[in-house]
Amino acid sequence: GAVVSQHPSRVICKSGTSVKIECRSLDFQATTMFWYRQFPKQSLMLMATSNEGSKATYEQGVEKDKFLINHASLTLSTLTVTSAHPEDSSFYICSASRDRTYYGYTFGSGTRLTVV
Amino acid sequence: DAKTTQPTSMDCAEGRAANLPCNHSTISGNEYVYWYRQIHSQGPQYIIHGLKNNETNEMASLIITEDRKSSTLILPHATLRDTAVYYCIVSVGNTDKLIFGTGTRLQVFP
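Top to bottom, those sequences are chains A and B. For the first sequence, our numbering assigns the number 1 to the initial residue and increments by one for each residue that follows. For the second sequence, our numbering assigns the number 1 to the initial residue and increments by one for each residue that follows.
Computed spacing ranges between beta-carbons, pair by pair:
(1) B:R81 - A:I12: 23 to 33 Å
(2) B:N54 - A:S109: 28 to 38 Å
(3) B:S28 - A:K14: 45 to 55 Å
(4) B:Y32 - A:G16: 36 to 46 Å
(5) B:Q107 - A:T80: 30 to 40 Å
(6) A:Q60 - B:Q42: 22 to 32 Å
(7) A:Q29 - B:T95: 14 to 24 Å
(8) A:S109 - B:Y32: 15 to 25 Å
Honestly, the hints are just simulated from the structure, not real lab data. We put the CB at the ideal spot given by N, CA and C, even for glycine.
Using the sequences and the hints given, assemble the complete structure.
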C-alpha cells in the first residue's frame, strides 16, 4: 500500500505561538508532498508543494513566511504555522504519491488546528 | 482554477447504484482523472483513477467517455457508509498537483 501518516490529529495553541505539523510517508519515499487547508463546509485548498532537499513552492496568496515547510528527508515533510492567529484555525491535510500513474495520491488523516 | 464540474449534491437509495458524473472538458491528453471521497473531518480517501480506459476496483467503476471530456463514478451497491463528499479531480498538466473543486455531496438513504 501507500500510507501517509499525519501528526498531530488535533492541536490547540495560543495566539502568537507556532505549531508544527508532521507528514510522513510510511512505506514509500516521496520526493514531493503537498499541503492543503480546508475551512468548514469548503473544499480543500492547495497551499504548497513540498520538495525534498529544496524550497517549497507556494500557491498564490499563501504567505511563505507564515507557513514554513521543511522537507528534509524522503519520508518527512513538516508544516509550521508561525505566529498563529485565530484565523489560521483550520483543517490541514498533507498528501504524497508513491507513483501517481499506478497508485494515485494518498492523503493524511488531517490536523485540526484551533488557535485561541 | 479547478478543471472539473460536478453536481453539488445527489441522493441514492441504499443498495442501489450511485452514478456520480463529472465534466472535465478541458482535460489534456496526459492528464489523469482521479476520484476521492471525504467523510467529515477525515482526509480524502482514494477511490479510483484512470487515463483513457474504463477502470474497476473493489470500491467502484470509472467510466470515461471516448473524448475524455467527462466521466462517471459508479458505486455499484451504495451503503449508508458511502455518504460523503466525492471529488473528481484532474491533475494539473505535467505537475503532480491536484486542485480540488467543490465536489458532490452524496447522501445515501435507507
